[in-house]
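Participant: Sequence:
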Amino acid sequence: MKKAMIYGAGISGIGVKKLLEEIKWETVLVDDKIGVSSTDAVAYLEEIDLFIKSPGIPYNDLIKKAEKKAIKIVNEIEVSYNYMKKTSKTKIIAITGTNGKTTTTSKIAGLLNAGGVRSIAAGNIGTPYSEAVLEEEKYEYIVLELSSYQLENLYEFKADIAMIINLAPDHLNRYKDADEYYDTKFNIGMNQNLKDRFIVNIDDKEIMKRLGRVDGEILKLSLEEDTDICVMDNNLYFKGEQVTSIDNFSLKGRHNLQNILFIVGVAKLVGIDNDIITKFLENTKSLEHRMEEFYIYENQNNSIKFINDSKGTNLESTIKAIGAFEEPILICGGCDKKLELTPLIEEIKKSVKEVYLIGELAPNLERELLAKNYPKEKIYNMETLEKVMIMLEKKLKGMENRKDLTVLLSPSTSSFDQFKSFEERGKIFKKMVLEKFEKNN
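Numbering-wise (my numbering), the sequence shown opens with residue 27 and increments by one.
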């Protein structure tokens, strides 16, 4: 019996464990909390045929020792794909990018299902790929959101339709520079040939620099130019065919329009009717934690809108979120990804009414804001979200005759210094807002 070591007991680790046991592999689950410790796991390496690394785990001593013993290191995506290709005709749509992955993935799956094409959203979006392939007979398409971490340690994986929505610096605490991060993203198109499709955002200069790495058939997409998938005169076109007007889309903002071009491009490739596409795009709702307007506090003096953008986990996403509102009050901070903060600092200086800082990144943000002459009295380094909400409750309820304020949680970074996930951070923010403002409204 073959034996695999699974390093990490998160949802992908547990999912791939179930998958391997389905095909009669023996598994060793390594996790310092609920499995074999990473120290004790070294003793098992002599009998291991395959090492499966969970995406969030860094390349530490255990992984280096496995590499020295020439044990093949893969991830849950690779194992699941190899299982699926032997047993199924289900097709893969794979999505990556710095921003917009989750919205694009979920809405592609939703639109395909609306058009009668049985699909599931999986991968980084929540449902592990390994769980989806165990029920693959239910689906014609598996729509995979893949982070850069999930695009490491791949060998045979191949998507029928692949896309990179956009590229901006991120995860520089993991990669040596932005170029390594961007290059990793391009693994989304590995092993493709001209029978496969790769949708290219030609407005993104970093994507265009790497176009030579694409072996699939290229479909070009743009918000600026007349190309395969584009917008002209308030209409969305696919290969010269007018698909729908953009006037009544329920997802607002330029960033969402870019996502919609990818969504429509895939729908047309799969064969969804224009009427179904239009109806879906006019009625679909935004996702939780993504520019989510969840509460408006109103009294005789004030109207305060609260926005949960906890999914804003990089600088570019927060810059776009700030730009969507007029002088928002910003709550920002979290893990320090070692990124160049200047673009965010400039946007805060230009557009933000006040900024409340949390997490390990807060001291750096405060220092750089002061260096750029952002007023000291508008900076509140509160360390935790709880302290921010105590201060905001006191300040906002005491304001007189201030209409149309916006409080925006858009952290610009990941949450792991203080929370389990961006979802937990967003849910806690919403809970605190409702406890402090709704009860007395």
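No wet-lab data here; the hints were simulated from the structure. It cannot be assumed that every hint is accurate.
[What the hints assert, rightly or not] Result set (EDC-like, lysine to aspartate or glutamate): computed pairs, CA atoms no more than 16 Å apart in a straight line:
no. : residue 1 : residue 2
1   : K115      : E162
2   : K112      : E206
3   : K456      : E412
4   : K94       : E73
5   : K184      : E243
6   : K457      : E403
7   : K331      : E352
8   : K421      : E352
9   : K413      : E372
10  : K112      : E163
[Stated by the list, open to error] What follows is a set of in silico ranges between Cβ atoms, one per label pair, in the way DEER data are often shown:
no. : residue 1 : residue 2 : range
11  : T65       : K28       : 50 to 56 Å
12  : P369      : K305      : 35 to 41 Å
13  : K231      : E166      : 31 to 37 Å
14  : E163      : D87       : 25 to 31 Å
15  : T65       : K265      : 54 to 60 Å
16  : N390      : G266      : 44 to 50 Å
Glycine is no exception: its CB is placed at the ideal position from the N, C-alpha and C atoms.
Participant: With the threshold set at 16 Å, check whether the alpha-carbon distance from K112 to E206 stays at or below it.
Facilitator: violated, 32 Å
Participant: Within 50 to 56 Å: is that where the Cβ-Cβ distance between T65 and K28 falls?
Facilitator: violated, 24 Å
Participant: Is the distance from the Cβ of P369 to the Cβ of K305 consistent with 35 to 41 Å?
Facilitator: 38 Å Cβ-Cβ, so the 35 to 41 Å window holds.
Participant: Taking the Cβ atom of E163 and the Cβ atom of D87, is their distance within the range 25 to 31 Å?
Facilitator: violated, 41 Å
Participant: If you check the beta carbons of N390 and G266, does the distance land in 44 to 50 Å?
Facilitator: The hinted range 44 to 50 Å holds for N390 and G266, with Cβ atoms some 49 Å apart.
Participant: Hinted pair, alpha-carbon criterion (16 Å max): K112, E163. Please report holds or violated.
Facilitator: Holds, at roughly 13 Å.
Participant: I want to verify a distance hint. Is the separation of the beta carbons of K231 and E166 within 31 to 37 Å?
Facilitator: holds, 35 Å
Participant: Holds or violated: K457 and E403, Cα atoms, limit 16 Å.
Facilitator: The given pair, whose Cα atoms are some 28 Å apart, is violated under the 16 Å limit.
Participant: Are the Cα atoms of K331 and E352 separated by 16 Å or less?
Facilitator: Satisfied, since the Cα-Cα distance of roughly 12 Å is no more than 16 Å.
Participant: Decide if the proposed pair is consistent with the structure: K413 and E372, CA atoms, cutoff 16 Å inclusive.
Facilitator: violated, 25 Å
Participant: Assess, step by step, whether the Cα of K184 is no farther than 16 Å from the Cα of E243, and give holds or violated.
Facilitator: Since the Cα atoms of K184 and E243 sit roughly 14 Å apart, the hinted pair holds (cutoff 16 Å).
Participant: Against the range 54 to 60 Å, how does the distance between the Cβ atoms of T65 and K265 compare: consistent or not?
Facilitator: holds, 57 Å
Checked against the numbered hints given earlier, the structure breaks hints 2, 6, 8, 9, 11 and 14 and satisfies all the rest.
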